[in-house]
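Given only the sequences and the hints, what does the whole structure look like? Please build it.
Sequential numbering from 39 applies to the sequence shown in my numbering.
Calculated directly from the structure, the hints in this document are not laboratory data. Owing to the predicted nature of the structure, the values given are computational and were not obtained by experimental measurement. Watch out, some of these pointers could steer you wrong.
[Stated by the list, open to error] Calculated cross-link-like contacts (lysine-lysine; reagent style DSS-like; alpha-carbon spacing at most 30 Å):
#1 LYS59 with LYS86
#2 LYS42 with LYS104
#3 LYS104 with LYS59
#4 LYS86 with LYS42
#5 LYS86 with LYS104
[As the list claims (entries may be wrong)] Between beta-carbon pairs, the in silico distance windows are:
#6 ILE89 with THR60: 28 to 34 Å
#7 MET52 with ASP82: 37 to 43 Å
#8 LEU57 with ASP87: 26 to 32 Å
#9 LEU53 with VAL92: 17 to 23 Å
#10 LEU53 with GLY74: 19 to 25 Å
#11 CYS46 with PHE93: 26 to 32 Å
#12 HIS88 with GLY47: 14 to 20 Å
#13 LEU51 with SER81: 29 to 35 Å
#14 ALA91 with TYR48: 17 to 23 Å
#15 ASP82 with LYS42: 30 to 36 Å
#16 MET39 with GLU67: 18 to 24 Å
#17 LEU64 with HIS88: 23 to 29 Å
Every residue, glycine too, gets a C-beta built ideally from N, C-alpha and C.
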Amino acid sequence: MNPKADACGYILLMLLQRLEKTQSGLLAEMIAGVEGDRSAIASDAPDKDHISAVFNETLTMLRQAKNM
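Have a look at this one:
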């Protein structure tokens, strides 16, 4: 466990929720963009597993912010 990373995630979640309140639909647009970028990863991309994990975590965070 990393308290600093968890705190950063919590702050990011709060900021995303506030942005969604002022810019309705922003999170849906961000999710669609991340999904598009994730699907564009070349099958032979270096560090593909790590890159995929980053995109998956990004989507998890955005969806969490959207659904709160």
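Quick rundown of the hints versus the structure:
For the hint pairing LYS59 with LYS86, the CA-to-CA distance comes to about 34 Å; that exceeds 30 Å, so the pair is violated. Between LYS42 and LYS104 the alpha-carbon distance is near 23 Å, which keeps this suggested pair within the 30 Å criterion. As the CA atoms of LYS104 and LYS59 are separated by approximately 10 Å, the hinted pair is consistent with the 30 Å bound. Taking the CA atoms of LYS86 and LYS42, the gap is near 26 Å; set against the 30 Å cutoff, the hint holds.
A C-alpha spacing of about 27 Å is found between LYS86 and LYS104, which places the hinted pair at or below 30 Å, so the restraint holds. As the Cβ distance of ILE89 to THR60 is approximately 31 Å, the hint placing it in 28 to 34 Å holds. Hint check: MET52 to ASP82, Cβ distance near 38 Å, so the stated range 37 to 43 Å holds. Remark: the range hint 26 to 32 Å for LEU57 to ASP87 is upheld by a beta-carbon distance near 30 Å.
Under the hint 17 to 23 Å, the C-beta atoms of LEU53 and VAL92, about 19 Å apart, fit the expected range. Taking 19 to 25 Å as the suggested C-beta distance range, the pair LEU53 and GLY74 conforms, at roughly 23 Å. A hinted range of 26 to 32 Å is violated for the C-beta pair CYS46 and PHE93, which are about 18 Å apart. Evaluation of the 14 to 20 Å hint for HIS88 and GLY47 yields a pass: the beta carbon distance comes to about 18 Å.
At about 32 Å, the CB distance of LEU51 to SER81 agrees with the hint of 29 to 35 Å. The hint said 17 to 23 Å for the Cβ distance between ALA91 and TYR48, and at roughly 20 Å that hint holds. The given range of 30 to 36 Å is respected by ASP82 and LYS42, whose C-beta atoms sit roughly 34 Å from each other. Between MET39 and GLU67 the CB atoms are about 32 Å apart, so this pair departs from the stated range of 18 to 24 Å.
At roughly 27 Å, the beta-carbon separation of LEU64 and HIS88 lies within the given 23 to 29 Å, and the hint holds.
The structure fails hints 1, 11 and 16 (numbered hints given earlier, in ascending order).
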